[in-house]
Structure formats: structure tokens, C-alpha cells
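As a plain string of letters, each chain reads:
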Amino acid sequence: MSEKKTNRRDFLFTATYAVGAVGVGATIWPMIDQMNPDASVKALASTEVDVSEVNPGKTITVLWRGKPVFIRRRTQEEIAEAKSVKLEDLKDPQKDEDRAKDPEWLVMLGVCTHLGCVPLDQKGDYNGWFCPCHGSHYDTSGRIRKGPAPTNMEIPKYEFVNSNTIKIG
Amino acid sequence: MSDQEYTPKSRVGKWFNDRLPLLTLANHLTDYPTPKNLNYWWTFGGILTFCLITQIVTGLVLAMHYIAHADMAFDSVEHIMRDVNYGWLIRYIHANGASMFFLAVYIHIFRSLFYGSYKAPREVIWIIGIIIYLLMMAAAFMGYVLPWGQMSFWGATVITNLFSAIPLVGEGIVTWLWGGYSVDNPTLTRFFTLHYLIPFLILGLVVLHIWALHVPGNNNPVGIDIKKPSKDTVPFHPYIVIKDGFALLMFMIVFAFFVFYTPNILGHADNYIEADPLVTPAHIVPEWYLLPFYAILRSVPDKLLGVVAMLSAIFILAALPWLDTSKIRSAVFRPLYRQFYWILVADVLILGYVGAMPAEGLYLLIARVATAYYFLHFLVILPVLGYKEKTLPIPLSITEPVLGGSPSLAPAKMKERSKHK
Amino acid sequence: MKNFFRILIILTIVIGSQTNTNAAEKVEYLKTDWSFKGLFGKFDRGALQRGYQVYTEVCSSCHSMKYLSYRNLAEKGGPEFTEAQAKAIAASFEVIDGPNADGEMFTRPGKLSDKFVMPYENVKAAQAANGGAYPPDMSVLVKARGGGVDYIYSLLQGYEDPPAGIVLDEGVYYNKYMYGNKIKMANQLSNGLVEYADGTNSTVEQMSKDVTTFLMWAAEPHLESRHQMGFKAILYLIILTILVYFSMKRIWSRIETEV
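Residue numbers (my numbering), protein chains in the order written: chain F, 1 to 169; chain L, 1 to 421; chain X, 1 to 259.
It cannot be assumed that every hint is accurate.
[Said to hold, decoys possible] Result set (BS3-like, lysine-lysine): computed pairs, CA atoms no more than 27 Å apart in a straight line:
(1) K249(X) / K228(L)
(2) K115(X) / K67(F)
(3) K87(X) / K67(F)
(4) K42(F) / K115(X)
(5) K111(X) / K42(F)
(6) K111(X) / K167(F)
[As the list claims (entries may be wrong)] Here chain X is said to cover these stretches of chain F; the calculated rule only asks that three of the stretch's residues, wherever they fall, bring their Cβ under 8 Å from a Cβ of chain X:
(7) 17-29
(8) 40-46
Simulated from the structure, these hints should not be mistaken for laboratory data. Only a predicted model underlies this, so the values are computations on that prediction, with no experimental measurement involved. Here a beta-carbon is modelled for each residue, glycine too, at the ideal position from N, C-alpha and C.
Generate coordinates for the entire structure from the input sequences, incorporating the hints supplied.
Structure, rendered in C-alpha cells:
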């Protein structure tokens, strides 16, 4: 068998394998992607909440993307407490101003960053939240102060549509 | 066969293989000596394996989104079609895949009939195949019920009512099948469960089917026993693998055309109307692949006997290895059988056609004649033919020249050559 | 290779017999050019948008489209209204939501994620308002009728005076293309009924075509991507088949037998 012939045969087989592999990949993708959120789930990504009834010191919990969102109207003491904390004392340093656009309103995902439980309101060593699953303590700004959770509770994308309505997502 | 002598080269391979001889199995499958004159009709075994796997994978995915509840099934199918990422593609592959599966299985069965692949020593392969075919029909029927459209509902009603033909206990059995007094939510959920289960039973039987095949080895177009391995055989890999792959790709082109361009042509429009227990569609027709049996059912004017005739039409196939008395396997060397074979093919196609037509007038007459002929073929023609037919002399091997040099053989051999071109 | 042509022939017979059975009981439908037919078929955006207008202004007073959402109107491959337009369309409908904190249902303007508002609360209400006949949901109507788009298109233009000898009950109309010729829906379309936003002349024929196109999209919202993907998939398969064919020839050339 001449050298040339061998090369050509190798090329033919390599090309066949390569083209075949592309096809297998292209076929597998839809089977994987079907498990991603579908169009109807994505369409529900934002929700509007009426907060006109929420007085200072009160928290409401709403469902957004299947998870609880805490909307707390904080008292002046809580705001002062949150602002007074030194950044060095924090495990996940973040200023209160960066977490609450309007200091009176704290909007955050009510999910412990440790393993996803829902923390309890007005509990724990820092007057904020306390996660009963593995004992994480959060302060009045929802920042992690003590316990196994690695980061502060997440702030979702939200905006005030008007003074009574918050749009989350 | 070289199975017994096989030892893996690497030490790890040997260690593992001594404990679980998977490598011996893999070696057996790749080296498996296959007759080298297999034509393209033999590629449908591989195609069928592909169909089964496609149905299982797409079905698994659909089950992640489908809701088996009478109030939500139809909605969930529309949800799959509209919102789920690539849901429409997956569902159309699954729905058309069923038709493709049956298309392939019919070709596979009729190949077997032509070349006498069911005859000794391959009876067990054949009977396992018939069981697989029966399970396929059950799976297809229950799958068609799941979208909970009008055809689903009324198809389920009609087919389950077949059991009411059984004397004494019939009504009780139907109520038991339904889990109520009509086809309803309990029926849907149990059909879903069984529809999910059956493909895995089929998969197990396919393993047995192939195992049983690998004991005597493949039949071949000439239908003679061959020595293995010999000049008449090639190793399964790469020769048969690439040939099966080529045929599979041709099949997939046809498949893709259905999925992407005429995805609903094999279905029925009424199944896009949600099930309504108060209104029966004007024409109840099963899917195309069940039409011949449907025609047989309707051609008998008695309820019980109709069901018996339909079931016999399937079960008679299991007795085929003993009904066909001919010593010669391949129809290539059976000039008379060859003609009866094509008449049978035409007969089944005619049955399929009249099965789709209203059961009245000329259609009913044709259905009755065709049904009678179907049974005549298996019960009378085949047994008698084995004794009466003057067969052509068969060659000694695939490669060796034919014994005796009979002039009538040359065309037969030529024909075989041209077949696998 | 010859065998494959045989397979194709058998296939054609099998499918041919299927379509024949469907064709056996049909009348000749009116024909028109559908932009979405064929290998590269796409919807005519203008027709979809006009069709939506016809649906909203005429059909939607009786026919629901429960599987469609307002967001679909802005999705690719559909009428492709802009997101702002689709939002405005959604907001023009009153949607029942709830229960609120007091446990009561309330109405609010529609959002993109809302399903099309239904004309009746349930099937019974729809039947009661329409003399016992349920105006079918139109989400998948095109696929639920044997003749598909041609049937719907013809039916909308098929109203005639009944031939002599046919007596129609109260609330029943004669339609050339309806199965059994008796239909409980009165003729809805008349020239100039809808004032098209894009200035197209709204003849009965034009409106029938537009609304049928819209219904086809409603039933097959992914038709365009299906056609595009199908072309690529089949082209790919043909290329791979050719490669495998030559690989097979090469492999089998190692032994004297031909494939």
C-alpha cells in the first residue's frame, strides 16, 4: 500500500468520526437543555408586590421564583444598628447602603446561604435572622455574623414601581 | 469461535475479566463471525435497536414534563410542545419514532419470512421476536392513550372493550382494566405506568433475542449453514458495524423528514381535540401499524370470534417454524414459496388498507377474503408446500461454486450477488 | 442500494394509503399560497399580525385560545410584535387574579406571562351562550381538523344559501365545506369588517387567509425553527451518509466481496 493511499484512508475515517461526533453532540444538547427552565417559567421571572400595608417593624414574605423573599420595613433602631457595624467585623463585608437602596426597606432572598433553609425572623444574636438548620446568625441587614453560612443573604434585583409597589426580578 | 481462548492483554484487564468477563463479551461481539453475504434487509436489526433506544431516551425526557392526569395530560402535552426547550422536537421524535419502529419491525419480520430465518435451529429467536412484537403493540397502544385526545380516549375504550368478548368474566375484566366504569383517570395513570415499564421489558428480551441469535449465528440470503469463522464470514466489527451504520443513516434521513416536515401526517387530527366522553369521533381508526389486525377483527361478524381471529393472526406466527415444513430456508431456492410470499405481502397491505376504510360494502368483502387468505397461507399453503414444492439445488457454501453446476442455479446466485450490491 | 428504493416505495405506499383514506371523504378545498409550506416555509409577519387582529376583534368573543400567552406575541417565529406592543396588548385585557390577602379575586391589567383571556369561564357557559354548541378552543384547531389550514380557510368562505330540499333548524347555517354541511356558527366575515392597522384591504378572502395563518402559528409556534433545524439536520445526515458510504467501501475493499 502506498503512502498516499494510507493518508487518504486515514483522512476519510477521521472525517467520518469527526462529523459523526458533531452529530452526536448536537443530538445530546436538546436532551440536556430540556431540563433548563422552560419559556413559561422564565416568563414569570418578575413579580409585583403591594407593600402599602407593611408598617415599620413588620416583615412580609412573598414567593418569587419558588423561593421566599423577605420584605422588611426596618425600624430606625435597626437601621442605626446595621449602619454602625464596622466592615472589619463582617465575614462577608458589605455596607448596609449597598444592600438597602432605601434604608427603610430591606428586600432580600430569604434563603440561608449555607444549605438553603429559610431563616427565622427576629431571632439570633444580632436581632436579625437565625437559621434553625445549622445555626447561622444574620444581622438586621441580613449579613452573616456567626455560624457556617459563607455569605450574606442575597439581594434580588428589585425596584420601586411607585411608593406602594415593589417589583422583584 | 475464539471466545474461549480470549484473554485480555493488560494485567488490569485480565484481573477484571477474571471476575466479570465483560471484555470477553465485548470481544465476542466485535469478532462475532457474520456471513459476508448479508444484504441490506439484514440491517434492520441494528436499526431496530436504534429505534428502541431513541424511544426510551425521548420517552424518559417526555416523562419529566408529562402529567398523567385526565385533567392535565392534554395541557401538559401542549406545554411540552410550546414551552419546554426543544419539547416539540422531542415529542415529534417520540411520536414518529413509534411509526418508524413499526416500519422497521415489519421489514425485519418479512425479511425473516422470505429467508426462512425462523426455521431450525432459530425457533427461539423467532418466538422471542414475536413476544417483542406483541409488547411493542401494547406499548404503542398505551402510549397513544397518554396525550388524552379524542383518539386516545376512544381508542382506549374500543381496545379495552375487546376483553368484554370473553364469556362470563369479560365485563369484570374490563372494569378491572379501567379501574372504574369507563376509561378515566385511573386508566390513564396505569397505562402510563405500563407504558413506562414495557420498553425495559423489550430491552431485556432484545438481549435474549441477540443471545439466542449468537448461538447458531446469523441466517443468510442463501439460507445454508456455514462454518464459522471461515471464508464465508467476516468479523462483525468493522464490516457489519459500518454497513449497519450506513443503512441506519439512510433510515434516519427518512425519519428526520417525517419529524421536521410532516410530523403529524402519521397521527390523526382528532387527537388534537381533548378527550370528550360524550362525543365519539366520526371514524375510529387505530394507528397505521395496527390496521391489518383491525381489519381482521372487523371482518368477523361475531364479537368473540372477531377477537379470537385477531389474536390468532398474531399467535399463529409463533407456530410458524412448525407450520413451514420445507427443509429449505431461503425463498431464493423455493420458486413457489416465493410467489406465495409476495401474495402474503400484498394480502397484508390490502388488510391494512381496508382496515382504514369503513367496515361496509365492498371493503368488508375484501377484508373477509383477505383474512381468509391470511389464515390459508399459514395453515394450508405453508405445510403443503413443504412436501409438494420442487426446490432449486442449493450451493454448498457462500463462496464455493455450486455443486453439480446446474444451469438453473446461475441466475439464483447472480440474483443474490446483485442483491447486496 | 436497489433495496433502499424498494423500501422507499413501500413507505410511499403505506403513507399514500394513509393520506388516501383522509382524502376519500373530502370536498375540494379552496387553495391559496401559504408562505409557511415547503422546506424553508416561514410565516408572513404581516399576515400573523393582521390575523391576530381578526382573532381579537371577531373570533375571540366566542373562541378561546387557552394555550397561548401574550408573551408569545413577541416571541421569535411568531407575529413578532415588539415587546412594548405585546405589553400594551396584554395590558388592554382585564385578567382575574387572586386570591389577595383578603381571600378575594380581583382584576388587574394583563401581563406578558398571562394566558389569553377566555371569553367564557368554562365549557358549560360557552355552550349555554351558543345554543348548546361549544365554540372550540382555537389553540390547536388547525391540527385538530383533517383538512388543516385549507379546511379552515375554505370554511370561513364557504357560507351559501342551502340547496333546495335542505331544511335548516334555527341557529344552524349551511356551509359548503363543513362536515355534514350544517354549522352552528353564523357567517362572521364581511368585506371591510376589520380596519387593518397596516392599511391592507380587508376582504373576506384576505381576513380568512390572515386569521388562518395566525391559527397555524398558534398551533405550531415552533414551525419556523422546525423547518430551519430540519434542513440542517437532513443536510448533515446526507453528508455523514456519504462519508460513511465511502468508509464502508474502503473497509469492505479489504476482502474481495462487494458491499
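Going down the list of hints, with the structure as the test:
1. K249(X) / K228(L): Since the Cα atoms of K249(X) and K228(L) sit roughly 24 Å apart, the hinted pair holds (cutoff 27 Å).
2. K115(X) / K67(F): Holds - the C-alpha atoms of K67(F) and K115(X) are around 23 Å apart, at most 27 Å.
3. K87(X) / K67(F): 26 Å, holds
4. K42(F) / K115(X): Answer holds: K42(F) to K115(X) is near 14 Å, not above 27 Å.
5. K111(X) / K42(F): OK: K111(X) and K42(F) at ~13 Å, within 27 Å.
6. K111(X) / K167(F): With a Cα-Cα distance of about 13 Å, the restraint between K111(X) and K167(F) holds, given a limit of 27 Å.
7. 17-29: Held - the region 17-29 of chain F has 5 residues with a Cβ nearer than 8 Å to chain X, which meets the minimum of three.
8. 40-46: This one holds; 3 residues, not fewer than the three required, reach chain X with a Cβ under 8 Å.
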